[in-house]
Structure formats: C-alpha cells, structure tokens
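Number of protein chains: 2
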Amino acid sequence: MSEQLFTYQQLFNFTRSVFQKIGCSDEHADTATKALLSADLRGIDSHGVARLSGYVRLWEVKRVNATPDIKVIHETPSTAVVDGDSGLGLVVAPFAMQIAIEKAKAVGTGWVSVQNSNHFGIAAHHAMMALEHDMIGMAMTNASPLVAPTFSIDKMLGTNPICVVAPAGNEPAFVADLATTTAANGKLEILQRKNADTPSGWVQDKDGLPSTDANILKKGGALLPLGGDREHGSNKGYALGAIVDIFSALLSGANYAPWVPPFPAYVPIPAQQPGKGIGHFLGAMRIDAFRPAEEFKQHMDNWIKGFRNAKPVNGREKVLVPGDPEREFEEERIKNGIPLLEMVVEDLNKLAERFFIERLK
Amino acid sequence: MSEQLFTYQQLFNFTRSVFQKIGCSDEHADTATKALLSADLRGIDSHGVARLSGYVRLWEVKRVNATPDIKVIHETPSTAVVDGDSGLGLVVAPFAMQIAIEKAKAVGTGWVSVQNSNHFGIAAHHAMMALEHDMIGMAMTNASPLVAPTFSIDKMLGTNPICVVAPAGNEPAFVADLATTTAANGKLEILQRKNADTPSGWVQDKDGLPSTDANILKKGGALLPLGGDREHGSNKGYALGAIVDIFSALLSGANYAPWVPPFPAYVPIPAQQPGKGIGHFLGAMRIDAFRPAEEFKQHMDNWIKGFRNAKPVNGREKVLVPGDPEREFEEERIKNGIPLLEMVVEDLNKLAERFFIERLK
Numbered sequence: 003m004s005e006q007l008f009t010y011q012q013l014f015n016f017t018r019s020v021f022q023k024i025g026c027s028d029e030h031a032d033t034a035t036k037a038l039l040s041a042d043l044r045g046i047d048s049h050g051v052a053r054l055s056g057y058v059r060l061w062e063v064k065r066v067n068a069t070p071d072i073k074v075i076h077e078t079p080s081t082a083v084v085d086g087d088s089g090l091g092l093v094v095a096p097f098a099m100q101i102a103i104e105k106a107k108a109v110g111t112g113w114v115s116v117q118n119s120n121h122f123g124i125a126a127h128h129a130m131m132a133l134e135h136d137m138i139g140m141a142m143t144n145a146s147p148l149v150a151p152t153f154s155i156d157k158m159l160g161t162n163p164i165c166v167v168a169p170a171g172n173e174p175a176f177v178a179d180l181a182t183t184t185a186a187n188g189k190l191e192i193l194q195r196k197n198a199d200t201p202s203g204w205v206q207d208k209d210g211l212p213s214t215d216a217n218i219l220k221k222g223g224a225l226l227p228l229g230g231d232r233e234h235g236s237n238k239g240y241a242l243g244a245i246v247d248i249f250s251a252l253l254s255g256a257n258y259a260p261w262v263p264p265f266p267a268y269v270p271i272p273a274q275q276p277g278k279g280i281g282h283f284l285g286a287m288r289i290d291a292f293r294p295a296e297e298f299k300q301h302m303d304n305w306i307k308g309f310r311n312a313k314p315v316n317g318r319e320k321v322l323v324p325g326d327p328e329r330e331f332e333e334e335r336i337k338n339g340i341p342l343l344e345m346v347v348e349d350l351n352k353l354a355e356r357f358f359i360e361r362l363k
Numbered sequence: 003m004s005e006q007l008f009t010y011q012q013l014f015n016f017t018r019s020v021f022q023k024i025g026c027s028d029e030h031a032d033t034a035t036k037a038l039l040s041a042d043l044r045g046i047d048s049h050g051v052a053r054l055s056g057y058v059r060l061w062e063v064k065r066v067n068a069t070p071d072i073k074v075i076h077e078t079p080s081t082a083v084v085d086g087d088s089g090l091g092l093v094v095a096p097f098a099m100q101i102a103i104e105k106a107k108a109v110g111t112g113w114v115s116v117q118n119s120n121h122f123g124i125a126a127h128h129a130m131m132a133l134e135h136d137m138i139g140m141a142m143t144n145a146s147p148l149v150a151p152t153f154s155i156d157k158m159l160g161t162n163p164i165c166v167v168a169p170a171g172n173e174p175a176f177v178a179d180l181a182t183t184t185a186a187n188g189k190l191e192i193l194q195r196k197n198a199d200t201p202s203g204w205v206q207d208k209d210g211l212p213s214t215d216a217n218i219l220k221k222g223g224a225l226l227p228l229g230g231d232r233e234h235g236s237n238k239g240y241a242l243g244a245i246v247d248i249f250s251a252l253l254s255g256a257n258y259a260p261w262v263p264p265f266p267a268y269v270p271i272p273a274q275q276p277g278k279g280i281g282h283f284l285g286a287m288r289i290d291a292f293r294p295a296e297e298f299k300q301h302m303d304n305w306i307k308g309f310r311n312a313k314p315v316n317g318r319e320k321v322l323v324p325g326d327p328e329r330e331f332e333e334e335r336i337k338n339g340i341p342l343l344e345m346v347v348e349d350l351n352k353l354a355e356r357f358f359i360e361r362l363k
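For the record, the sequence lines run as chains Z and W.
At position 78 of the first sequence (counting the first as 1) the number is 80 in the numbering used here, and the numbers step up by one without a gap.
At position 173 of the second sequence (counting the first as 1) the number is 175 in the numbering used here, and the numbers step up by one without a gap.
Incorrect hints may have been included.
Remember, identical chains collapse to one label, so a pair may be satisfied in a single copy or spanning two.
[Claimed, not checked] Dumping the calculated DSSO-like pairs for lysine-lysine here, alpha-carbon to alpha-carbon at most 27 Å: (1) K299 to K278; (2) K299 to K208; (3) K208 to K363; (4) K64 to K352; (5) K352 to K189.
Hint data in this document are derived by calculation from the structure and do not stem from the laboratory.
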C-alpha cells in the first residue's frame, strides 16, 4: 500500500485547522494537535492523525464537545476528580495531568481520576509531561470494550493501556506504554491490510475459541488479555486491564467495563450507562519526595546501561529499554517526515474539502 | 506426593515460635507469622510456611536482622522512604503499608518506597491492609533476578509482582496479585515434582532459546516475562517488571535489576551492589479522596457482578474476578485445614528439633 511523507509541521497545521473548524479554541486546538500527532511521531500510527476524522465524527454526533468547561469537581491535597465536560480526551488529559503535577509539587504526589472524557490518544504523551519536572508520570485510560476476560465470550474491557515514565540523567527517559492485551487493535489492522493471520493468543472467535483471523472482531470475536490464555497468564492481563478500569472510571464516575462508549461514532452507546463518558487516570510523583533527583537519575542511567549491555539472544543486536523503539521513530520522523497511507491522506483530504482548508499533498 | 493437613492455629503457633527463637519480638513474630501464613491460606503454597527454613537460613548468614530498627528516613505529606534495617520483609512491609495508610488519611494518598528489606511473602497480604479503611491498596516488590527481558540471555529482573486491591460493597474485595512473568517459580516447582514439561512461553534455556524444561533454571535458563516472547507481548511483561523495580528500588535506594540479593542463603550476594537489601513499594488511596466510598462500592458491586455474569466459554462454569480463587482457597482451608507436602513437614520438624520446640504432627 503506497505511502506519502509529510513534515510534522504540515500535519500540525492541517490538524490544528481541523480542530479550530469544529470550534476548538486556539489553545485547545494546539493542545489536541500536539497530543494526537505525538502518536505519529512515535510510530503508533493507529492512534495519530489517522483517527482525526474519527474524532470529527464524534463531534458531529455531539459526543465530543469542542468548547468544554473542564473542571475539578472534588479534591484533596494529593488527589482530584476532573469532569471533562465531554471534551476531547486530547485536551482533557493534559489538563488533568497538569493538576497531578501541581499537587505533586505541593505534597509529593498527585493523582487525578477523570470522568466525562473521550479518547485521549497515546498515554505516553500525557505521562511524559512529568519528566521536565523530575517526576515519575503515569497515565491510563479505559476504552471501548473489545477484550474478553479469561474464560469469557463477552467483551468486557478495552485495551486499557498503562503508561509509566521515569526521568534518567544522561540516558533518555524510561517510557513504558502498553496496552493490557497481547496485541492492540492497531496491530490487527496492519495484518488485515496484508491479508495475514495473527499469531496464536491474540484473538478469539464469537464462541470464545482460539482464532488467528485478523478480521475476527468484525465477526463477533474479541481481543485477548496479555498472556492470551489461562495457561500463559491471561488472568494477569485481564487483572491489569481491570485495574485500569477501576482507577479510571470507578474512582471518577465514568463509564466502565462493557458500558464504555465506543470510539466509532456509528456504534450506538450502550444503554443504561452507569457513569459519564470514558475515564482516565493520571499521576505524578516528585522524585525528590523520595530521594534526591540527581541520585535517582544516576541510578536510572546505571539501570538502563545494565539492560542495554545485557547479553542478547543470538541474532539480536541488543536488549531494548522501554521507550527505545518509539524514541527512534521520533528521531527518524522528525528528520525525514511522517509516512501516511494513501487511504489516510484521502480521508484527511475529505476533511479539507468539508472545512474549506488546504488539502494535504 | 503425600500431604498432611494442619489447622491454621497449629501452623501459627509453630511459625511464631520459630520467629521468636531467632530473636524476633513477640510483636514482630506475630506480624511475620500472619504475613507468611496468609500465603498458605490463599493457596500460594510456594510463598508460605514452606519458606520458613529459607528465612531462618538468611538469618543464620546474617542477611536477616531479627531485631531491626525500621524507620522513615525521608518523607513528604504523601510519601516516605523506609529503611528496613535488614529486617524480615514480612515485618518491614506491614510497617511501610501502615505509613502509607496514615498518609492517605491525612492527604488522600500515601506512597512508601522501602530499602534494606528482605522478601515480604505475598504482596496481597500487605495491600489488603488498606481495605478496612475504605482505601485502594497497592504492593510491589523486586526479587532475585530469575527473569530474562525480551531478547536477553542474562537474567535481569525478579518475578516482581504487582498487587492492587479495591473494596467492594456486598461483593468481596477485588484483589489482583500477579507476578509479571508468564508463570512464577512456584508453578515450575509443581511441574518438577510431577516430572512434567512447562507449556511454551514460560522459560528459556541458557542460550535464550525457547524451552519447556521445568528444571531449566538449574541449568542456566530463565523465567520469561508475561507474554513469553516478543510476538506475544513479552516486551510488556518486561516493562511491568521494570516499573516494579523502579518504584521499589530506584526510588528507595535498594538494590535493583541483577543486583537484588537472592532468596536462597547459599547463593552469594552480587558484587558491587548499588543499594541496600531488596526494595518494596506500598501505596494507599482513600476512596473518598475521589468520590464517596459508598458510591464507589456500589459501582464495584455492579462491576464485579457484570464480570461474574459474563457468558463463559463452553465448558467453563463462570468468569472469575481477580481474587476469587485465593478467597475460595482461604474459605476452604480455614474450614478443613492447610495441606503440607511431607517434605515440607520434615523440613519444618528439623527446625523444631534445632530450636527445641514441639514438632508438627
């Protein structure tokens, strides 16, 4: 499938214009664009500008509010609950993360659970806001129910990612950002385009039987929790996804489990919703609330070098540290541009026509 | 292999006597015994009284201090670092968890990183201290390096468990307690006794090649991170184990990565240790720092019932909620007794002879 290269600035200007056209303030359009495109830069193509038209469709059906009044509705010195007022998660999550950081400055740590939000792009973008403050950052979100817990046919959880970042000294920061499934939906889409099967342990069919069909979600199938099956620890991936749901939605008052509103605007929202919108959880811990930041960062450098210097399995160049692949993508794409599939470019140019902005080319 | 049944009280009296004989105060002996036996009650036989002689051997080689001066060496309103003074992790972790709870009472959440400790038994025991206060509890620990990160031959991490517990209303609490490996060492020991192979994705051999040999650790092999291999998301299990290491040891000043002191007393401590002892991380979040506890617990009941009522895969009775199997063990064992393998009873009776206490029979 053919691809076209765009500079970050080209995609930035385009995306910001679209967010402005649906009514976002300049400030919100900027914030949302940075969050969305951080996925394209970091090589998480499924979560970046390819989803822009999806966000617009959510706005069309009034599930995204372009001018939200985002606010704290409850707080203590180290915690807050934020109501996102149906805003873009791309805007709500940075707002909440900033509060977590301010609380960490004041009392050592800050923890913010968010209700009434929408999809927030990649978790790492929000968690990484903590790094410049010499803090550990965390971000989680629940998501559309696509995942069947161990022994379940029903889809009860989203891919519910967990992200934890920690600053280092001379080494780049530690950035772990992981869906709590064996593979996220984006990886299935890649296989669909190649007409290829999935490895074992990624998906099950509508009866809960093992499958390797990359199109199985369209046939009533489900993604599997990290581990794949019980024998390989899927109960652990399921538990991790559940923890994300509890922190993001049960603490905040958002929807949870199968009631989380789906990302595709054409999929109806489940009846009898127990909460508001989707939920996130953001956290920040000041390093020097535990030990001097310089000391921590020296040991992080030592830790990272230890892993980089571990003896690799035959045929492998090196052992990676969480965050390495995404950082390499970012360096390469800032230099050489961001590749978009032709079908993504076409989709974006439909938005251009609709909103009377300049086409991408 | 033949087993013998003992009442909880029998094992409690025996274990407490042993801890007293090595010099623990009555209070510490009580605390340690409760923590250790919680594993036997909950069906985690590998982490319970079967390890008592292992703790005694650590005391013999002066790696466990029976009369530690456990203290806070740094703190902020929501954080603390605890120095365990080489005490039993079974005593140090409850001390640290109590501080996390007190801080959560004061400012909403409490987070305690611990250095200079030893193995703490099962994480769930400590995290569950939060439940009676209507708090979410968390516990993590690093451990002896037995796990090879993705693409690595070298063993760089322990089985580094993550435990998160949350109170419910009428339903029992949510208790997720998971090693960040596909399978923990205890499961290998069960297969060794049966002379059986492991499933795929549990272990690798000394060259980093896939193996199904349950004895492979004795031959230079390693446990694998949750996921098993890269194609099945082992990079995620590896990242989770790394997060536990950072929270438990990099924040506290404990040893990390391959430098964590091993549990078997005969294995030498690695040279050039970067920290003190092993590290833990304990956390508590007051529910009503986010929303009224009653409201949260009603939604937890709804969440739990949703999962229990999910349609199970053919041949399965029901979908489980994290904590269900261990709670069922506990109910059954309190009623009918705790089964110990003959070899474990013999091992304990050697302790009885040595310390002139009554034999188990």
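Here's how the hints hold up against the structure:
1. K299 to K278: Between copies only: 17 Å across, 39 Å inside.
2. K299 to K208: neither (48 Å within a copy, 32 Å between copies)
3. K208 to K363: Neither. Shortest intra-copy (41 Å) and inter-copy (52 Å) distances fail the 27 Å Cα cut-off.
4. K64 to K352: within (20 Å within a copy, 72 Å between copies)
5. K352 to K189: within (25 Å within a copy, 55 Å between copies)
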